[in-house]
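Q: Following the hints, complete the assembly by docking chain B onto the known chain A.
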Amino acid sequence: MPRKSMIQMSALGAFALLSCLLFMFYKIGGSWSFALEERGIKLAAIGLTAVAIAVSTLIFQTLTQNRILTPSVMGLDSLYMLFQTLLVFFIGSNNPLMANKNINFIATLVLMIAFSFMLYHLLFRRERVSIYFLLLLGIVFGTLFQNGSSFMQMLIDPNEFLIVQGKMFASFNSVNGPVLGMASIVLILSLVYLAYWFKYLDVLRLGKDQAINLGVPYFKLARHLLIIVSIMVSVATALVGPVTFLGLLVVNVTYQLFDTYRHKVLIPGAILLSIIALVFGQWMVERIFTFNTTLSVIINFIGGAYFIYLLIKESRG
Amino acid sequence: MIETKQITKKYQNKTVLNAIDLEVPEKKITAFIGSNGAGKSTLLGIVSRLLKKEGGEVLIDDMDINEWKSKALSKKLAILKQNNQMTARLTVEDLVSFGRFPYSQGVLTKDDHEKVTEALAYMGLEPLRKNYLDALSGGQQQRAYIAMIIAQDTDYVLLDEPLNNLDMKNAVQMMKTLRRLVDDFGKTIILVLHDINFASCYADYMVGLKNGEIVAQGSTEEIMTSDKLKDIYDMHLDITEINQCKYCLYFK
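So the protein sequences, as listed, match chains A and B. Last residue of the first sequence: 330 (the numbering used here), numbering continuous. Last residue of the second sequence: 273 (the numbering used here), numbering continuous.
Okay, chain A solo, but in the shape it has when bound (with noise of 0.2 Å):
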């Protein structure tokens, strides 16, 4: 790693470490050990989220060659909101499939990750198929998700549609232990699974065909990156709700402050940006506007704002 890059990257992680600190221990008060615990847990699928986030994110940049692409047009935000909106709407907020989070973790996920499956299966029986094509089958069956959506949401009963309204921002106030720990499980057997294929990640930078001259065996390369994406995207959105708005900003801004191809590099980089976006963001959330706002909110409002200064110094520079 260039020296450069190295003092960056401490400054980030630094900086990340602060932030964390500063949310474990900012006015705490009455009991240490049970705030510790609450905040614990958050940070700790902040921390979850980030990763998965971030990577999957990056990932998805460098197969699709494209910077302002994210994994969200792959439809999985909208098929999350739909199963919601679905279960409240035939089943009732009361049921357990509703009510219980360890359930609907497990049923959000398995169905997420079967969607994908079912996706990419019905699509790679044809031996080399155009990422572009599969894009545009995410969209379309996106946007049907999120029609089918919205349509229930209008006929449902309006204290039932606080339920699903309430899981339609990302949240970290309602995460619990166990389903925190099947997370983990998850995403750390996909960034496992991933290191296999880590290598090729620089090449694929280089396009399609340059990869393949060198040796890359692209188009199974492509249908693992696409189920390592798949699976990492449905941990993070079982377990918070839809996020991936954090993935296109982290990444723009971490490719502007290191701008190298170096996955080893990019990639820690952008998940240290997103620990400090999602836990500044959190923060900002709890204790400056008491939950006035959605997290979203903040992060694209600062993180944009960040992206446009890099921008005008780039172009003055």
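Honestly, the hints are just simulated from the structure, not real lab data. Even for Gly, the Cβ is constructed at its ideal location relative to N, Cα and C.
Negatives, chain A to chain B, calculated, CB over 10 Å:
1. Lys17
2. Gln21
3. Leu31
4. Lys40
5. Ile104
6. Leu150
7. Gly155
8. Leu168
9. Asn186
10. Arg236
11. Leu270
12. Ile289
13. Glu299
14. Ile315
Listed next, with one range per pair, are the computed distances between beta-carbon atoms:
15. His134(A) x Asp225(B): 41 to 51 Å
16. Leu149(A) x Asp225(B): 39 to 49 Å
17. Glu139(B) x Ile152(A): 43 to 53 Å
18. Arg16(A) x Lys96(B): 27 to 37 Å
19. Leu135(A) x Lys273(B): 53 to 63 Å
20. Thr306(A) x Thr130(B): 50 to 60 Å
21. Glu24(B) x Ile240(A): 33 to 43 Å
A: Below, chain B alone, put in the same frame as chain A:
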């Protein structure tokens, strides 16, 4: 040796290549020539495994191209297409280092670094090694890509229109470099060329395609005649000889 048997390729119902049988001579420059849409680039794409074929087989050193492992084949055969779009920002040296990926899988050894330095020197790119690719001219970028192919160190080098977007001086330099690769290092080069006169001056062997079929093939000497060229291009061409090299004049 590179050999094709009965290669067929279709886009929807249109046949672009029809039963192509070809043996590419070893340690020579072979040029695919023909009009637009004759199937030259498609044939090159299939031989280099970038494109899928509907029928027939490609044999690389007597083994079917589908039997080869990706990694092993990338040490044997290199392909460079005409337009290399890339989203990554990298330096000339980074790009050339990627040529060693088949050997190092990303972690360069001392030997790999030497090969990269040699390739850079061979293409006269040492002063530019730290420059970013997107800040270079088309000719310099093309040279960087060729350096990468040299670092890849394969027996077979396939190039799709390597003279595209190059001016006269750069084009001549490029062809001279390719000539040296064959004469000094014993590489086998196949290229798609639009300019028949460059093919005549630098290639040893010519394969003329028309409507997805090979209509003429042979040594440059044999192909550079009015009759043969009329078969390939469907137009009358006058051949003149200047300094032992045949040129065809097609401007009027």
